[in-house]
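Peer 1: Sequence:
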Amino acid sequence: MGWVGRLLDASDTLARRLLLNLAGVGYLVVGVHGRPGPTTTQWILALGAFVLALLCHRRPLLNLLLQSALLAVAFPLVDDVMINQVGASWALLELTMRATRPRTFWLAAGLLAAVDLTGLIGDPLRQALAGLLGLAVTVGLPLLIGLVVRTTRELGRQAEERAVAEQRRRESESRAARADERAAIARELHDVIAHHVASMVLRVGVARHVLPDLDPRVGPVFDDVHRTGTAALTDLRRLVAVLRDPDGVRGDAALTAIEPAALPAALGVAVDRARQAGVTVEADVDPVIGTVDAVRGQAVLRLTQEALTNVAKHAGATARARLTVSVVDGAVHWAVSDDGRGAAPAVVPVGGGHGIVGMRERVEVLGGRLEAGPTGDGWRVRTVLPPGGAPDRPARVVPRSRPAAPEPA
Numbered sequence: 000m001g002w003v004g005r006l007l008d009a010s011d012t013l014a015r016r017l018l019l020n021l022a023g024v025g026y027l028v029v030g031v032h033g034r035p036g037p038t039t040t041q042w043i044l045a046l047g048a049f050v051l052a053l054l055c056h057r058r059p060l061l062n063l064l065l066q067s068a069l070l071a072v073a074f075p076l077v078d079d080v081m082i083n084q085v086g087a088s089w090a091l092l093e094l095t096m097r098a099t100r101p102r103t104f105w106l107a108a109g110l111l112a113a114v115d116l117t118g119l120i121g122d123p124l125r126q127a128l129a130g131l132l133g134l135a136v137t138v139g140l141p142l143l144i145g146l147v148v149r150t151t152r153e154l155g156r157q158a159e160e161r162a163v164a165e166q167r168r169r170e171s172e173s174r175a176a177r178a179d180e181r182a183a184i185a186r187e188l189h190d191v192i193a194h195h196v197a198s199m200v201l202r203v204g205v206a207r208h209v210l211p212d213l214d215p216r217v218g219p220v221f222d223d224v225h226r227t228g229t230a231a232l233t234d235l236r237r238l239v240a241v242l243r244d245p246d247g248v249r250g251d252a253a254l255t256a257i258e259p260a261a262l263p264a265a266l267g268v269a270v271d272r273a274r275q276a277g278v279t280v281e282a283d284v285d286p287v288i289g290t291v292d293a294v295r296g297q298a299v300l301r302l303t304q305e306a307l308t309n310v311a312k313h314a315g316a317t318a319r320a321r322l323t324v325s326v327v328d329g330a331v332h333w334a335v336s337d338d339g340r341g342a343a344p345a346v347v348p349v350g351g352g353h354g355i356v357g358m359r360e361r362v363e364v365l366g367g368r369l370e371a372g373p374t375g376d377g378w379r380v381r382t383v384l385p386p387g388g389a390p391d392r393p394a395r396v397v398p399r400s401r402p403a404a405p406e407p408a
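Here the sequence shown is numbered in numbering that gives the first Met the number 0, starting from 0 and rising by one per residue.
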């Protein structure tokens with residue numbers, strides 16, 4: 000930290016004391032025009048104030064008491080008490096900035112005012128009145144500056160605490176959103192896998208009964224496959240039970256698995272819902288999307304629902320959006336963009352999730368890439384889901400920011 004920073008730091012008193020002492024030595028050496036040089040007593044009192052200021056720079060209350068004592072001694076012994084007066088006033092300033100309880104520096108201010116008043120004993124009335132007015136400078140000014148610094152530092156500390164608390168809240172909400180999205184993915188995976196396993200078990204059972212004259216070595220194999228498949232279904236239901244909320248999931252079409260062949264129709268329903276909310280949507284959906292696996296198909300549907308919901312929330316009811324879904328070399332290319340010209344928010348269609356956080360979590364699970372951010376005249380979010388679901392590279396997400404609109408939740 001530089002000298003300027005150290006001088007402004009309320010906790011670093013040594014730098015300020017050194018500068019103050021150097022200024023005091025300059026005052027004694029140069030003197031004041033029209034006055035004689037400092038006397039030996041004045042030098043002794045000044046050097047005592049300098050040494051005490053350095054030794055007690057971490058103990059402001061003790062420093063104030065000692066500086067006030069030196070000031071009380073200086074009043075009857077020397078004519079110019081400027082050094083000791085400044086030392087005591089500065090000690091009050093430091094104490095006001097650093098005291099843990101306001102009562103401490105208020106009592107200290109009263110003590111210093113009492114010492115200053117003792118210096119007025121025996122003075123003419125006019126001079127005594129001038130001395131009383133001088134208390135505003137020697138006591139009131141240090142107290143006022145110290146209170147300003149103290150209040151500013153407290154406000155800064157509170158602002159930092161609020162910023163930290165807000166950051167923790169956002170991180171907590173992000174973790175909760177990711178956990179919820181993972182739970183939704185787990186439920187959907189359960190629906191997809193359970194459907195196929197149940198179909199396999201059913202077919203094995205049918206084959207076992209319609210083919211009674213099997214080789215004795217094949218029958219036990221069929222029976223074992225049937226038992227294994229049934230046990231697998233039971234285990235799936237048991238493992239996913241902790242992620243499923245029957246009250247929340249029952250009747251929720253958004254958590255129902257779909258067949259891959261039905262994906263184009265489901266995407267059409269999502270587009271129609273957005274259009275009913277007032278958003279103009281252009282859809283370019285490759286019919287080949289109906290041939291992808293169920294897991295990626297489910298992800299495409301959820302991403303489409305979330306992206307169109309975000310358009311309605313942030314771009315407004317008069318926005319124009321474009322949905323593009325295509326399959327290239329087995330990889331699913333998906334994108335939703337809008338022109339960002341909507342003024343008023345639309346009625347949000349059903350199907351929203353956890354915004355960018357949930358979309359990123361879903362894409363990362365499938366090893367895809369997610370990009371979201373502003374374009375020249377609006378907003379675009381796009382992703383590529385690789386055919387094998389192999390990890391690709393970390394998702395890159397730019398938080399969506401529009402005037403007077405919160406982050407999608």
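Do not rely on the hints blindly, as some may be mistaken.
Cβ pair distances, simulated, as ranges [said to hold, decoys possible]:
1. A22 x A112: 57 to 63 Å
2. L76 x R156: 40 to 46 Å
3. A230 x A185: 47 to 53 Å
4. S171 x R226: 41 to 47 Å
5. A162 x L232: 21 to 27 Å
6. G109 x G25: 27 to 33 Å
7. A230 x G372: 43 to 49 Å
8. A230 x L210: 57 to 63 Å
9. A68 x E165: 31 to 37 Å
10. R156 x P373: 25 to 31 Å
11. D222 x R174: 55 to 61 Å
12. L146 x V24: 37 to 43 Å
13. V209 x S171: 54 to 60 Å
14. R168 x H332: 48 to 54 Å
Don't read these hints as lab results, they were simulated from the structure. Computed from a predicted model, the values in this text were never measured in an experiment. From the three backbone atoms N, C-alpha and C, an ideal C-beta is built for every residue, glycine too.
Peer 1: Against which earlier hints does the structure fall short, listed by number upward?
Peer 2: When the structure is compared with the hints, numbers 1, 3, 5, 8, 9, 10, 11, 12, 14 turn out to be violated.
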